[in-house]
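Work the whole structure out from these sequences, hints included.
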Amino acid sequence: MNVTRRAFNLGAILAAGTVILPGAVRAADEKTIAIMFDSLQSPFWVTGFDVLKEKAKAAGYQPLESISNLDDNKQFEQVQSMIQKKVSGIIIVQTDSKAVIPAIREANKAGIPMVHFNRPPAESDAKSSAVQADNRAIMKSTVQALVDKARKAGGKYKAAILIGDLGDQNAIQRRDGFFDVVDQNKDIIEVVARISTEWNPDKAFADLTNALQANPDINFLVTSSDFLLPQIQQALKIAGKWKKTGEEGHVLFAGFDGDEGQYAALKDGYMDVGGVQNLFYEADLAIGAIEKMNKGEEVPKLLLDPGFVITQETLDQDRDKMWGYAVWKKANG
Amino acid sequence: MQTSSTRASLAVLRSAPALLFVAVVVLFAILAPRFLEVQNFANILTQSANVAIVAVGMTFVLLLAGVDLSVGAAMYVCAAVAGLYFKDLPAPAAMALMTAIGALFGAINALFIVGLGIAAFIVTLATLFVGRGLALHLSQTKMVFAGDPVLAFGQGGFLGISYAVWTMAIVLLLALWVQQWTPYGRYLYAIGADREGARKAGIPVRRVVFATYVLCGTLAGLGGFVSFSQVAAASSGFGLQKEFPVIAAAVLGGTSLFGGRGGVLGSVFGAILIQTVQNGLVLLNANPYLYPLVISAIIFIAVLLDSQRTRILARLTRRQIRIEPGVEARRSTAT
Amino acid sequence: MWRFLRRLLTSEYLVLLLTALYVLCLWPFAPEIVSAQTALEVIMAMLPLLLLAIGQTFVLIVAGIDLSITSTMAFSSVVAAALMTGDGGYLAGNALAVPVALIAFLLIGLAVGCANGLCVVRLGMPSFMVTLVAQTFLSGAAIWFTSLHSTSVSIGDLPAAFSVIGRGGIAGIPYALLLCLVVAFAAHWLLGRTTLGRWLYAVGNNPRAATVSGVPTGRVIIIAFVLSGFCAALASIVYTSRLETGTPVLGQRVLLDVIGAAVIGGVSLFGGRGKISWVILGVLFLSVVDKGLQLLGLSQSIVFAVKGGVILLAAIIDALRSRILVRVAA
Amino acid sequence: MSSARDSAASERAGGAPLLKVEGLRKSFFGVEVLKGVSFTLEAGKALGVIGENGSGKSTTMNIINGLLPPSAGTMAIDGRPYAPANSKEAARAGIAFIHQELNLFENLSIAENLALQAFPRRISWLPQIDKARMRARAADLLRRVDLDLSPDMLVNRLAPGERQLVEIAKALSGDARIIVFDEPTTSLTSREAERLFALVAQLKARGLGVIYISHILEDVLRLCDDVVTLRDGTMVDNRPAASVTTGHLIESMLGRPIAELFPPRSAAAPRQEVALDVRGLTQPGIVHDLTFRVMRGEIVGIAGLMGSGRSETARILFGLDPALSGTVAVNGTVIAQRSPRACMAAGMAFLTEDRRGDGLLLPEGVLTNVELARLADLRTNAAAPLPQAMLDRDASEAARSVRIKAHDLVRQPVLSLSGGNQQKVVLAKWLLREPAVFILDEPTRGIDVGAKAEIYGLVRQLAERGTGVLVISSEVEELLGVCDRVLTMAHGEIVAEFTWPELDRAAILRAAMQRQEGAA
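Chains as they are written, first to last, in our numbering: chain A, 1 to 333; chain B, 1 to 335; chain C, 1 to 330; chain D, 1 to 520.
Don't take every hint at face value.
[What the hints assert, rightly or not] Below, simulated DSSO-like cross-link-like pairs (lysine-lysine); rule was C-alpha separation at most 30 angstroms, straight line:
| # | chain 1 | residue 1 | chain 2 | residue 2 |
| --- | --- | --- | --- | --- |
| 1 | A | Lys330 | A | Lys57 |
| 2 | B | Lys200 | A | Lys53 |
| 3 | A | Lys267 | B | Lys142 |
| 4 | B | Lys142 | A | Lys330 |
| 5 | B | Lys200 | A | Lys55 |
| 6 | B | Lys142 | A | Lys243 |
| 7 | B | Lys200 | D | Lys131 |
| 8 | A | Lys321 | B | Lys200 |
[As the list claims (entries may be wrong)] Chain C residues, not near chain B, derived (Cβ > 10 angstroms throughout):
| # | residue |
| --- | --- |
| 9 | Cys25 |
| 10 | Gly86 |
| 11 | Ala141 |
| 12 | Leu181 |
| 13 | Phe304 |
| 14 | Gly309 |
These are computed hints drawn from the structure, not numbers from a lab.
C-beta atoms are modelled at their ideal positions from N, C-alpha and C, and glycine is treated no differently.
Okay, structure coming up:
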């Protein structure tokens, strides 16, 4: 027992040391920005993360990263850590629009500006700014463009949509944007499959295959995110429906996000319409907002990225605004 | 003491999983017109292939009263390496590569479990994190795309049956052979039932345990290959929490978490059952919010049936001391 | 030197030493790790995890496992939030909203625990499967429930009287800390000083011997699950009030952390062994590891790898320790 | 293989005995537990080895089996030196063991259990079991032990006796020439035992050597040609079975007349109050219409073979197993819903036959174990604080009164105690509750003579304080020594009753072995 006691005392002293010793805080010789995402599940977020880091460095900030793995509470703790590191600003992607509010309050208390990237927080008295693609609007115009093509081609359509995680607000907004348009066009479009992907490629692939089995005549397809493109391509190929525009059996197809896969699919003629979030613009907005707030300027609560819709026809003229094109160019020389 | 009614209920209980499967199929067949098509069953099999293959390896581990939480991470590591560095390999070579990486992953688990005698739960929990970290590091958290030969594997088939199903069938047959016909397979059961007794009986327990974790890793690699060839790309969520459906498939198929009971056939069956429900719900165009509720309810029923079956079987096979007049001798029903 | 190392290794509080060692290693790279602020934040981060781990410990002691705690949290979070939210809640603006919501939290926790326990005891189902099913079901139910009560994916606008639980305190001591201390002491006392505590260990050690010795084995197992559900509900209260939001994905990822913390602390997965003080140290260890990684601001891949490595290291040291203990005993 | 056998045969012809053991000694940590044991076993003969637990029987057998190296002494098979390094070498030398605890895997088939050591293959490079050959071999072995079962049957469906025979078949499968039986009949019904005896005779006739270890001295005398008696590590006797009686054997085993092992009976007649009153207890397939009483202060024994229902009766009495009909009353009060808790509340206590499985929390200390049963009595809320000091005081007192030898009552896990001390822990657990009725199932199994005597003394003391005691035992001597009355059970019924001083060993055994009428 003596052994244990002694070891315990030693440990207790060491542990107490961690609590009591006033930390010699490192001199803040460099400006830092915290870039806090909730996941890096799709190319959009991965590229967004990279673009933000690059733009932060370009603006003279050292980026500090953190990923919360979809855990709002963990992110709250991460925000506390970043505040403790005395960062110049926080760019955050929260999972839940409401659960982030306490984190904003903490940042407010410490006087550190906070910008929400692509997902605005819910209404509250806490002060922060958000940069966001207008998901519902972009999806609306994307689907509208697809419907226009359908009307032009004539005939009736059986539609399928790949919905994201039902716990993710962006997924919900995009779904709503889809139905906003489709419900107006019930005369030619019947939705036969609502595929819940939970943002899980496995499930997306399996359930799209199943949906194509149940409804082999699906000829109108919208995905809530481009990151599911490989699975969609695979499923359509197996069903013999991966056809270019104009070919027999082509499925009218719209993507969302504007990643390199979308660019390639549009270029090759498999996709008809793509909703694009203007990632570069959003990153500039975010860094700019932080600098403005640090200077004491007032920044609106919501900085909207209107995004845009790109089609096979407009691809060549608009592709330079498309972040996926930049990635694609880098990869393909 | 067996009356005809208890024997009838015993017969029902013995075939409970099959009956449940039939019930599910009939239900969906009534509700969803296209459910009964041959192509749909082919789809179900194709989609359950990756979980089924991993579940085969998991079954062997569970037979030893072990567990491997790291299968999902192993799948991701395999896919990341294959997709990043060996994109142009022909499909068979890619398959061999991924299974080899899986085997290596399993060997690392085995080293800690057998060599240092650490609980499998902790070891595989740790390698789960390390494995995912490694794969994320390699891929820089970006999506990793499968090469064209691998994609062709995912799309193609032979005699109208997808390669994924062929792979699953071959794995199942081989595993059944290993389980039923090789000394190794029989050792698994012996060790799972009584580890100390197995050691005393001269079974090379440590070697068998080691081999089993390697095998589980190997099949995780193979399952990863099949999954990779289907979903065509591995994002940071590839294989995430795959351990749960895999273990669930095995347990659903009647494999005990406490070792010595069950088998690979049931596990493959369990994987197919889960996928059948999933498929049926999509065909019904059901409210997506209901999916988890329905699936968990069906798993619950399956586990409930299994536990009741075990109980009743135990009661019915309890040792009899007296030969009561009017009751058949135990022997005649036991054979 | 060897003797000293052996003493360290055989100590019951080895995990604490590992924690201190970890802090020392990180000190040069992240000086903030040694500060009162960090200590406070680590403690605050620990609290809900600790509540969960304490609940889990009861179940682990009777040789069960409870995988449903996270979805119990999520489900109780959204149901209670739906009761009291100012945004169309059933009891919006009512003075009783907060007390009723608190009762709802606890009732859901107790009910889930009770259902789990009954399935395990009365229906003879393995606890792993029962609670895995409960996890899937409740998490699906929580998401569905939210969709019926909110246009978005969570339920916010909770009364201030509720959110104060997560943030407020008396005399500088946060309520959450007080709650956690009370629970930890109660659990410690329950395990060490009451009949029930003795029964829990006895059932985990040898259920047959326990039954023969007059322990109501079935009831004890049910109580263990009920306590786990109850603790999950308490953790849910802390999380929900801290985030001021009822969300159906609450704590989705902490399950393996919770079980891992208990096991690192020394609780056996095979039953009969575990102490609250060990669990506290296990949770402290994982929380400090997390905090250190946060302060370093490293990439996700390294965070994963370090976390896995640290768990493995703790396990290896534990294995060495038991070997030495065996040698000492021989 | 065949050439080896030929050469062995030729050497045997040369006159060397099959197994010769000379001057075996063994010390553990300086304590000599085996002090020179010598005997020879001829081919075609059976050698009985008897002795109390702790007399050195198992050490001797472990040395022969290669599990322990001897400190001194030599062994020879067919005149050639034999010094096995492990049990595999022993098996290779032709020695097979049938242990008391069977080593069969319940989830494997009979054929697989028989072939587990070396599965037959058809193609040498392919690890595929040749099932046809495995089955044929198993069928052949089963025929040799006269067991009419399908080789494909899973072992978990076999009765204990059948399992024993499978174990013997396993021994035969290795071409064994010497078969050691360690208490083979403890789990057999009388019919199964008869079958076993016939088998042993057959083995002898085939020229195998048999070493037969048993507590049932009649069996030893009936089967064996010579009997070796061990006591305290010394061989005290080695002579032809034909020249001794069981009485001789017991005395040479104990080194004293039997009486001294057992406490004197109290002069006072048992009181006239009924402690335990059992009426018409019936559970189909297990027990039938059990009716008996135990008076306060009386020690009643239940004799019977394994499988006679004696242990099952105890489990039913204590509410661990169900009964279809019948009543159990303690001190005149019928226990309504029998469960261990209800039975304990009524004043019953139950020491089970499986000490480690049913009796102890092995990793816990002595006090924790002793206090366990007491907890149910605390008439308080389960969540209320324990009167810890009082519990510890009482438990230490109880531990002291039964003289548990442990260096730390709190921290030393009972796992590390000797069998006798473990049993005393279980006893103390129940004594702490001052039971009105105490059921003891095999109270001295696996316990050395000294501890045995102590336990008998404790049981007697308990009875003198007014407890009604029910002792179940497979050792008839034990029942003869401690009981005031002995009930004999066979096939789930009480078939005879004997009262001291008319306790007659032969009559008890005869009653126990009678067949069930109408049995096939």
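Structure-based check of each hint:
no.: 1; hint: A/Lys330 - A/Lys57; in the structure: holds (20 angstroms)
no.: 2; hint: B/Lys200 - A/Lys53; in the structure: violated (61 angstroms)
no.: 3; hint: A/Lys267 - B/Lys142; in the structure: holds (22 angstroms)
no.: 4; hint: B/Lys142 - A/Lys330; in the structure: holds (15 angstroms)
no.: 5; hint: B/Lys200 - A/Lys55; in the structure: violated (67 angstroms)
no.: 6; hint: B/Lys142 - A/Lys243; in the structure: holds (27 angstroms)
no.: 7; hint: B/Lys200 - D/Lys131; in the structure: holds (24 angstroms)
no.: 8; hint: A/Lys321 - B/Lys200; in the structure: violated (72 angstroms)
no.: 9; hint: Cys25; in the structure: holds (18 angstroms)
no.: 10; hint: Gly86; in the structure: holds (25 angstroms)
no.: 11; hint: Ala141; in the structure: violated (6 angstroms)
no.: 12; hint: Leu181; in the structure: holds (29 angstroms)
no.: 13; hint: Phe304; in the structure: violated (3 angstroms)
no.: 14; hint: Gly309; in the structure: violated (6 angstroms)
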